[in-house]
Amino acid sequence: ETGVTQTPRHLVMGMTNKKSLKCEQHLGHNAMYWYKQSAKKPLELMFVYSLEERVENNSVPSRFSPECPNSSHLFLHLHTLQPEDSALYLCASSQEPRDRGLYEQYFGPGTRLTVT
Amino acid sequence: AQSVTQLDSQVPVFEEAPVELRCNYSSSVSVYLFWYVQYPNQGLQLLLKYLSGSTLVKGINGFEAEFNKSQTSFHLRKPSVHISDTAEYFCAVSGDPGRRALTFGSGTRLQVQP
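One line per chain: the protein sequences are C and V, in this order.
Throughout the first sequence, residue numbering follows my numbering, covering 1 to 116 in sequence.
Throughout the second sequence, residue numbering follows my numbering, covering 1001 to 1114 in sequence.
Extracted from the complex, chain V is given alone in its bound form (with noise of 0.2 Å):
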């Protein structure tokens, strides 16, 4: 079985400062590891993805997640946001065989201020 936690529900954050967004996984085989964003009213849309290779993968939008094997993460940030950040996000997790969709977390809340 696998399983993600999403350590923040809610992170408030002030224009241009940087920004980390917390994703532990829980899997018993390899993972493919997932950020989604979520704007108001809109479905998911896909940030970045690590599939395999460098640990370090770059998305759109600016921001970047880090794959963690040995501390089971993937720890989403971007060094510098702007308003327009604000939106919830998602990790997810696939690779369980016995399991046909991504495994989501629960979301965490990204508020960016003025």
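Pulled out of the complex, with its shape left as it was, chain C reads as follows (with noise of 0.2 Å):
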């Protein structure tokens, strides 16, 4: 494998449910982002980990719950989600930048989400 990897690549699941989500990257760097896509809006960050310490979250409900067990893995603990969740949820890493300010973040392919 190389570069980010997600999994899985679409997911269906009911309001009641709880799933996750899984991405690893294979670039050897020490930052990793979720990002939310929806329909007509920009992308939304929604959580930045940075050698494994949750860094920024940006007011995300707490039915999203990251996790980062070490720099090449990132989770997402999805449960009791609302329709208006249903997205494409995008991972992306980056390595913690020598020049103040540089990030340069390569994406994985996604998981489409639908709530049900």
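Simulated from the structure, these hints should not be mistaken for lab results.
Source: prediction; values computed, not measured.
Honestly, I wouldn't trust all of these hints.
Calculated from the model, a selection of chain V residues having no Cβ within reach of chain C, i.e. all distances over 10 Å [unchecked claim]: (1) V1013; (2) E1015; (3) L1046; (4) K1058; (5) G1062; (6) E1066; (7) T1072; (8) H1075; (9) R1077; (10) H1082; (11) D1085; (12) T1086; (13) G1095; (14) R1100.
Ranges of calculated distance between the beta carbons of each label pair, as one might list FRET restraints [claimed, not checked]: (15) I1060(V) with H26(C): 12 to 22 Å; (16) V55(C) with P1079(V): 33 to 43 Å; (17) P1097(V) with K41(C): 35 to 45 Å; (18) H73(C) with V1029(V): 28 to 38 Å; (19) P1040(V) with K22(C): 16 to 26 Å; (20) E1066(V) with G14(C): 46 to 56 Å; (21) S1070(V) with H79(C): 13 to 23 Å; (22) T16(C) with P1114(V): 41 to 51 Å; (23) K41(C) with P1114(V): 47 to 57 Å; (24) Y1039(V) with H73(C): 31 to 41 Å; (25) K41(C) with N1061(V): 25 to 35 Å; (26) V60(C) with V1029(V): 21 to 31 Å; (27) L51(C) with P1018(V): 22 to 32 Å.
Glycine included, every Cβ here is placed at the ideal spot set by N, Cα and C.
Take the two lone chains and join them into the complex the hints point to.
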């Protein structure tokens, strides 16, 4: 495997289900990100992890719970979601910059989530 | 704070015609600029980036972009498009040390017609 991989690619879940999205990066990076991409809306940054520590959490509802057990893996645990949470969830990784402020991100293919 | 504006939400163009996708940014610090492409049902792929040096940057698939500091722009161009270039294109900026990720524009849908 190369780059950033995400599983599953598609997920349909009911509002009472619990599921998890998985992301793995094979680039040796030390920062990972979750984004939400909804139709007709800009990309929304959800969470940022750097060196396995959460460093940014952009007012995301508690029904989304991230986990970063090591620098290569990132999870997004989902429970009691709403239909408006249906979207493409994208994972990305980058190397914490030597140059202050430079974040060159590499993206996975995304998980298409449908909440019924 | 930093922000990105992509002035066109959709750009229709005929095959083999030239195209320009516009991007303007706002930032109080020095910036790094990126263009990403997203094909249907896929993630974002890095097309090109400006970090420093020459203001004309060449990327993959025949695309190039020019950094214009005085106009705070980073427009993407291709001299002759193909049907396969049909996709969503995102401009992004980083450089604000208070923001530990890229800031993206809202995207431009390039529709190449035969």
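How the hints compare with the structure:
With 10 Å as the threshold on Cβ separation, the claim that V1013(V) sits away from chain C holds: the shortest Cβ distance comes to roughly 22 Å. The beta carbon of E1015(V) is kept farther than 10 Å from every beta carbon of chain C, the shortest such distance being approximately 27 Å. L1046(V), annotated as away from the interface, has a beta carbon of chain C within 10 Å; the closest lies near 7 Å. Chain C leaves K1058(V) outside its interface by the beta-carbon criterion, the shortest separation being 17 Å against a cut-off of 10 Å.
At roughly 21 Å, the least C-beta separation between G1062(V) and chain C is larger than 10 Å, which holds for a residue marked as non-interface. Every CB of chain C is more than 10 Å from the CB of E1066(V) (nearest about 19 Å), matching its label as outside the interface. Remark: the non-interface label on T1072(V) is consistent with the geometry, its nearest Cβ contact in chain C lying 16 Å away (cut-off 10 Å). Every beta carbon of chain C lies more than 10 Å from that of H1075(V), the smallest distance being close to 19 Å; the non-interface claim holds.
Every beta carbon of chain C lies more than 10 Å from that of R1077(V), the smallest distance being close to 21 Å; the non-interface claim holds. The claim that H1082(V) lies off the interface holds: its Cβ sits roughly 22 Å from the closest Cβ of chain C, which is beyond the 10 Å cut-off. Residue placement check: D1085(V) keeps its beta carbon more than 10 Å from all beta carbons of chain C (closest about 19 Å). Under the 10 Å C-beta cut-off, the non-interface status given to T1086(V) relative to chain C holds; the minimum distance is some 17 Å.
Once the 10 Å rule is applied to beta carbons, G1095(V) is inconsistent with being away from chain C; the minimum gap is 4 Å. Under the 10 Å C-beta cut-off, the non-interface status given to R1100(V) relative to chain C is violated; the minimum distance is some 5 Å. For the pair I1060(V) and H26(C), the beta carbons lie near 20 Å from each other, so the given range of 12 to 22 Å is met. Separation of V55(C) from P1079(V) is about 41 Å and conforms to the stated range, judged on CB atoms against 33 to 43 Å.
At roughly 27 Å, the beta carbons of P1097(V) and K41(C) sit outside the given window of 35 to 45 Å. For H73(C) paired with V1029(V), a C-beta distance near 32 Å keeps the hint of 28 to 38 Å intact. The given range of 16 to 26 Å is respected by P1040(V) and K22(C), whose C-beta atoms sit roughly 23 Å from each other. Checked against the hint of 46 to 56 Å, the C-beta distance between E1066(V) and G14(C) comes to roughly 49 Å, which is consistent with it.
The hint said 13 to 23 Å for the Cβ distance between S1070(V) and H79(C), and at roughly 50 Å that hint is violated. A C-beta distance of roughly 47 Å is found between T16(C) and P1114(V), which places it inside the suggested range of 41 to 51 Å. For the hinted restraint 47 to 57 Å between K41(C) and P1114(V), the CB-CB distance of approximately 30 Å leaves it violated. In this structure, Y1039(V) and H73(C) break the distance hint of 31 to 41 Å, their C-beta atoms being roughly 26 Å apart.
Range check, K41(C) to N1061(V): about 26 Å between beta-carbon atoms, so the 25 to 35 Å window is met. Distance hint for V60(C) and V1029(V): a CB-CB separation of about 26 Å, consistent with the stated range 21 to 31 Å. For the pair L51(C) and P1018(V), the beta carbons lie near 44 Å from each other, so the given range of 22 to 32 Å is not met.
In this structure, the hints that do not hold are numbers 3, 13, 14, 17, 21, 23, 24 and 27, in rising order.
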